[in-house]
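K.L.:
Following the hints, put chain B in place on chain A, whose structure we already have.
Protein sequences appear in the order of chains A and B. Per full-length UniProt numbering, residue 1 is the first one in the first sequence, and the count goes up by one each step. Per full-length UniProt numbering, residue 1 is the first one in the second sequence, and the count goes up by one each step.
Among these hints, one or two may not hold up.
The list that follows gives simulated cross-link-like pairs (lysine-lysine, BS3-like), each with its CA atoms no further than 30 Å apart [as the list claims (entries may be wrong)]:
#1 B:K340 x B:K298
#2 B:K354 x A:K29
#3 A:K354 x B:K298
#4 B:K340 x A:K340
#5 B:K354 x B:K298
#6 A:K298 x A:K340
#7 B:K29 x A:K354
#8 B:K29 x A:K298
#9 B:K340 x A:K298
#10 A:K354 x A:K340
#11 B:K298 x A:K340
#12 B:K354 x B:K340
#13 A:K29 x B:K29
#14 B:K298 x A:K298
#15 A:K298 x A:K354
Not close to chain A: a few residues of chain B, all C-beta gaps over 10 Å, as computed [claimed, not checked]:
#16 G30
#17 V31
#18 G206
I should point out that these hints are in silico values taken from the structure, not numbers from a laboratory. Just so it is clear, CB atoms sit at the ideal spot from N, CA and C, and this is done for glycine as well.
2 protein chains.
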Amino acid sequence: MNLGRITGQVRIVGAGLLGASIGLGLRAKGVDVIVHDASRSTVNLAIDYGAGRAPLDDDTPTLVIVAVPPDVTAEVVARELAAWPRATVADVASVKVGVLDELIAAGVDLDRYVGSHPLAGRERGGASAARADLFIGRPWVVGRGEPFRRRAVEDVVIELGAIPVAMSAAEHDNAVALISHVPQVVASLLAHRLAGASDAAVALAGQGLRDTTRIASSAPELWVQILGANSGPVAQILRELQAELGVAIDALETPDAPGARRAIAELLAGGNTGVARIPGKHGTSRHFSQLVVMVDDKPGELARLLTEIGEAQVNMEDLRLEHSPGAQFGLAEISVLPEKEALLISELEARGWKIAETFA
Amino acid sequence: MNLGRITGQVRIVGAGLLGASIGLGLRAKGVDVIVHDASRSTVNLAIDYGAGRAPLDDDTPTLVIVAVPPDVTAEVVARELAAWPRATVADVASVKVGVLDELIAAGVDLDRYVGSHPLAGRERGGASAARADLFIGRPWVVGRGEPFRRRAVEDVVIELGAIPVAMSAAEHDNAVALISHVPQVVASLLAHRLAGASDAAVALAGQGLRDTTRIASSAPELWVQILGANSGPVAQILRELQAELGVAIDALETPDAPGARRAIAELLAGGNTGVARIPGKHGTSRHFSQLVVMVDDKPGELARLLTEIGEAQVNMEDLRLEHSPGAQFGLAEISVLPEKEALLISELEARGWKIAETFA
Numbered sequence: 001m002n003l004g005r006i007t008g009q010v011r012i013v014g015a016g017l018l019g020a021s022i023g024l025g026l027r028a029k030g031v032d033v034i035v036h037d038a039s040r041s042t043v044n045l046a047i048d049y050g051a052g053r054a055p056l057d058d059d060t061p062t063l064v065i066v067a068v069p070p071d072v073t074a075e076v077v078a079r080e081l082a083a084w085p086r087a088t089v090a091d092v093a094s095v096k097v098g099v100l101d102e103l104i105a106a107g108v109d110l111d112r113y114v115g116s117h118p119l120a121g122r123e124r125g126g127a128s129a130a131r132a133d134l135f136i137g138r139p140w141v142v143g144r145g146e147p148f149r150r151r152a153v154e155d156v157v158i159e160l161g162a163i164p165v166a167m168s169a170a171e172h173d174n175a176v177a178l179i180s181h182v183p184q185v186v187a188s189l190l191a192h193r194l195a196g197a198s199d200a201a202v203a204l205a206g207q208g209l210r211d212t213t214r215i216a217s218s219a220p221e222l223w224v225q226i227l228g229a230n231s232g233p234v235a236q237i238l239r240e241l242q243a244e245l246g247v248a249i250d251a252l253e254t255p256d257a258p259g260a261r262r263a264i265a266e267l268l269a270g271g272n273t274g275v276a277r278i279p280g281k282h283g284t285s286r287h288f289s290q291l292v293v294m295v296d297d298k299p300g301e302l303a304r305l306l307t308e309i310g311e312a313q314v315n316m317e318d319l320r321l322e323h324s325p326g327a328q329f330g331l332a333e334i335s336v337l338p339e340k341e342a343l344l345i346s347e348l349e350a351r352g353w354k355i356a357e358t359f360a
Numbered sequence: 001m002n003l004g005r006i007t008g009q010v011r012i013v014g015a016g017l018l019g020a021s022i023g024l025g026l027r028a029k030g031v032d033v034i035v036h037d038a039s040r041s042t043v044n045l046a047i048d049y050g051a052g053r054a055p056l057d058d059d060t061p062t063l064v065i066v067a068v069p070p071d072v073t074a075e076v077v078a079r080e081l082a083a084w085p086r087a088t089v090a091d092v093a094s095v096k097v098g099v100l101d102e103l104i105a106a107g108v109d110l111d112r113y114v115g116s117h118p119l120a121g122r123e124r125g126g127a128s129a130a131r132a133d134l135f136i137g138r139p140w141v142v143g144r145g146e147p148f149r150r151r152a153v154e155d156v157v158i159e160l161g162a163i164p165v166a167m168s169a170a171e172h173d174n175a176v177a178l179i180s181h182v183p184q185v186v187a188s189l190l191a192h193r194l195a196g197a198s199d200a201a202v203a204l205a206g207q208g209l210r211d212t213t214r215i216a217s218s219a220p221e222l223w224v225q226i227l228g229a230n231s232g233p234v235a236q237i238l239r240e241l242q243a244e245l246g247v248a249i250d251a252l253e254t255p256d257a258p259g260a261r262r263a264i265a266e267l268l269a270g271g272n273t274g275v276a277r278i279p280g281k282h283g284t285s286r287h288f289s290q291l292v293v294m295v296d297d298k299p300g301e302l303a304r305l306l307t308e309i310g311e312a313q314v315n316m317e318d319l320r321l322e323h324s325p326g327a328q329f330g331l332a333e334i335s336v337l338p339e340k341e342a343l344l345i346s347e348l349e350a351r352g353w354k355i356a357e358t359f360a
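Okay, chain A solo, but in the shape it has when bound (with noise of 0.2 Å):
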């Protein structure tokens, strides 16, 4: 890994969720942090929190990263290319190919551009959400460039303890098209659902409703624009899922009907083998056991848990908690290597902890 110290002056444009997270991060390094927004109160705000400091007249940017909407990039990095003509002008947006052509048919230089775009963020978007450990452990995509010029913004990403992955723009752009913006419109769909549903129906939701329909929170003004920005590959996705969603309907519509169950089935396995492609939690495909321990609902019990699995010897690997409105405790499910299980639930039960009843 390469841990180069960043030089020189770092030029933010665009104090958002990205922004200024990324301002928060490279002066947790020491970097010196220019920060510029469109809007004065956003940039005040930044500065105030400690993303960096106000632009000066005789500032040197080696580096500037634009970190503005995705309707905006290309004009706001050709902008940059030509105020500082010996920066490198890297861009975060979450689309590459329509910035790169928007650019290209410009007739913008692009010998100090790099495209990238760090996968990271919460629905929750905005400055107000923005953390100097957003990146930590997210995959960066890096595109195109001159080597020294990657190297300056994989420099930056590593500092932000953020994976550098190089792609193409249009590599990129289909994968984010299938892991994020895909998913989006479909939890959009879906929870759309619900709009006219009885209080009675919704008064039923269980943990799968809100998983798949969680995202479907996301503010709409972003996303108009990533959507419409990656428009093709998008659609090509979404037209595959029509035509399975399709079958799907005809299956149900005649469920009696030869190869109905048969069409339902294979619907179901093919998302079992889909889901299986997704890399687990510690970024493996590795799988632990996972047992579930009743924690009373009072003051230092989740504490005494987690102690007690410490005393053990044995680590968790993930935790995960379940409350049950209106009941006098909680559930935490804990994962952990499988060989360790049975270790970890007789010295538990030892120190008088329930484990939920559970089958071999």
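P.N.:
Below, chain B without anything else, positioned relative to chain A:
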């Protein structure tokens, strides 16, 4: 809340996830539970784990709970109604109209039948996931029936910690189509798009993709039955979704056409509206504040954090962990009452915890 004591024997037919969990829960309340299953080894396992006892020749159950797959539920209900001429016979199948229609078509006297359905369970089904507390705080729909027989079923629901909800069979099936069955189909369709993806593309996966496809790991065998039994309501909702998907694809294929951007914005806004209908995790629309604390990946650190939150006299309403593959620490997202947020931040920072940088 009626904490009516269950008198008499309860016979459970079907020792899978639901049946075994009901047995475990009722045994924990001192009920004499009889367990029957077509598979001798399944029933022996259930009995070994404490879900009940084996049937005896002189059994006189007052309540029979049929917990077999949807395809055979009506047949087993009819058999049990005939075998126990005074018992109330309830089922717990996840579709109600189909079961009722089958019973009516078979000319079965339904005076002693009560349809019901607990909205509980996890993707990992089967007896190995049975838990006495599976139903706590969950809604449990109780359908038509003689009032005192409905009351007998509601007594069980309440003893198991669940919340009885009265609904007709048709209202139930429409509701579960919307909040459970359609999401299952959609998650499977979406996940299937990943089957042929490159490793590089899926390596970019984030929480959004994981959430929208989690339930795509559901078991096909069970879901073919569920979807087959509720195919009408599911198909109807999918038709509505299909229509809106078509509008979205058209807009994306001609993103610069008049009205295309607006159509995409309306899709996203519709998703916002729908997802806001889902009750909050604690059963209300209450919102909590979140703060994100960095937790070194050393043993005992998370336990220490929870202990110190308790010492700060702040109740932790929820906890979510985020891991970063390859990072030396994780992020703990703590939910607290908004009025406690500032206090907790200052208390934790005074104890050396690093709160992720945020804007107000």
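K.L.:
The structure should be examined with respect to each hint, and the outcome stated for every one.
P.N.:
Verification of the supplied hints:
1. B:K340 x B:K298: The hint holds at about 27 Å.
2. B:K354 x A:K29: Given pair B:K354, A:K29 holds - Cα atoms ~15 Å apart, limit 30 Å.
3. A:K354 x B:K298: Holds. A:K354 to B:K298 sits at ~26 Å (cutoff 30 Å).
4. B:K340 x A:K340: Violated - the C-alpha atoms of A:K340 and B:K340 are around 38 Å apart, more than 30 Å.
5. B:K354 x B:K298: holds (15 Å)
6. A:K298 x A:K340: Cα-Cα ~27 Å, so holds.
7. B:K29 x A:K354: Holds. B:K29 to A:K354 sits at ~16 Å (cutoff 30 Å).
8. B:K29 x A:K298: With Cα atoms ~23 Å apart, B:K29 and A:K298 stay inside 30 Å; holds.
9. B:K340 x A:K298: Holds: B:K340 and A:K298 sit about 18 Å apart, inside 30 Å.
10. A:K354 x A:K340: holds (18 Å)
11. B:K298 x A:K340: holds (18 Å)
12. B:K354 x B:K340: At roughly 17 Å apart (the allowed maximum being 30 Å), B:K340 and B:K354 satisfy the hint.
13. A:K29 x B:K29: The hint is violated at about 59 Å.
14. B:K298 x A:K298: With Cα atoms ~25 Å apart, B:K298 and A:K298 stay inside 30 Å; holds.
15. A:K298 x A:K354: Satisfied, since the Cα-Cα distance of roughly 15 Å is no more than 30 Å.
16. G30: At roughly 16 Å from the nearest Cβ of chain A, B:G30 sits farther out than 10 Å, so the non-interface label holds.
17. V31: Label holds. Min Cβ-Cβ 15 Å, cutoff 10 Å.
18. G206: The claim breaks: B:G206 does not keep its Cβ more than 10 Å from every Cβ of chain A (closest is about 6 Å).
Violation of the numbered hints given earlier is confined to hints 4, 13, 18; the remaining hints are satisfied by the structure.
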